[in-house]
Amino acid sequence: MTTLTRDRLREMSNVVPSAYRGVAVTSVEGPLTHASIIEHFTGREIYRRTRFIVAREPGVGTWILAVERADPTPLFSAATSVEVLAEPSECAYVIEPDIDTAVPSNLARVAITKAPAAKAVVVEGRYAHVNFILNAAPLSIRVTEVTPPFPAKLFDQVCRLLDVAEELVPMVARLDAVTFDELAKQAPSGEYLLPCRGSAVDIDGAEVAYLDERPTRSDWTLLGCDRSLEIHEWFYGDRPPNVSMCPRKRPDELSGPSLVKCCLIEEAIDVEGGRVVVPWGASLEQVREGLRELARYWEPTWAPV
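So that you can map any letter, position 255 of the sequence shown is 255 in the UniProt record's numbering, and since no number is skipped, the others follow by simple counting.
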């Protein structure tokens, strides 16, 4: 590995090995310096899949090294290039037994929550597998929702996917939710009509009915969306006073990647530049597709190393 490549890796954000089987873990006796640890590993036999070494120096800390071999074909061959990617003063070693370290978003989440000041974070996770991330700067995905239910479904789907998505740039999900109580305050009424009983909403001081049960027409205010208005008009022949709950229509002065849902989308997702809209009842695969689109837009050049 050339110094240029090493310097480039040290400067890049979200540097994650493409497979943790290429990360070897060992202990080294110190005291060691930048130069002496390079000398220590240069010329040593390295397994053909090993590209990085996490070297733990007792009482000092953890080094992260990048290595190249003379010949990648044999099972073992001598290390001809050794470069320091992080030294102990820059590196944290975190043990999180429930974390799958093959997933970039998991590594980033551990880094920013457990060791935010560290340039490099090594994570020992599930199955005692070890991986690392340099310069963790995960893409913050704003998920616009309406609650209840709890947890908010789309937000929960995103979090579940980020726990297992090995191919995505490191991401963290951020919930941006409005409640039905907050919507009701925009149009005080003695009775509200909600789209469905599944929302399980109580609004203080008001009666609540549910459109999917087709109740007898009453003098209510609808807390719903365009599709709810269409259904109401079909059932009752009119459109009542209403407050839109549609995440897609919510006034948005914030920038950055966002994921929203809309019941007017029934099959495919909509890509609106840095925002992706999925169907209201989106499948996990549709949500995954949405996250991929956000990654392509906001981090088009990212790839594991």
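Read the hints as simulated data drawn from the structure, not as lab findings. Heads up, some of the hints might be wrong.
[Unchecked claim] Here are the in silico distance ranges between beta carbons for each label pair:
#1 S283 <-> W234: 54 to 60 Å
#2 D202 <-> G274: 34 to 40 Å
#3 F150 <-> E266: 24 to 30 Å
[To be verified] DSS-like mimics (lysine-lysine), calculated; alpha carbons at most 27 Å apart, straight line:
#4 K249 <-> K153
#5 K185 <-> K249
#6 K185 <-> K153
Quick reminder that beta carbons are idealized off the backbone N, C-alpha and C, glycines included.
Outcome of the hint check:
Taking 54 to 60 Å as the suggested C-beta distance range, the pair S283 and W234 does not conform, at roughly 26 Å. For D202 and G274, the hinted distance range of 34 to 40 Å is satisfied, since their beta carbons lie about 36 Å from each other. Take F150 and E266: their Cβ atoms lie about 25 Å apart, and the range 24 to 30 Å holds. Only pairs whose Cα atoms come within 27 Å are accepted, and K249 paired with K153 is accepted, the gap being roughly 18 Å.
Note on K185 and K249: the hinted pairing holds, with a Cα-Cα distance of about 18 Å set against a maximum of 27 Å. For the hint pairing K185 with K153, the CA-to-CA distance comes to about 23 Å; that is within 27 Å, so the pair holds.
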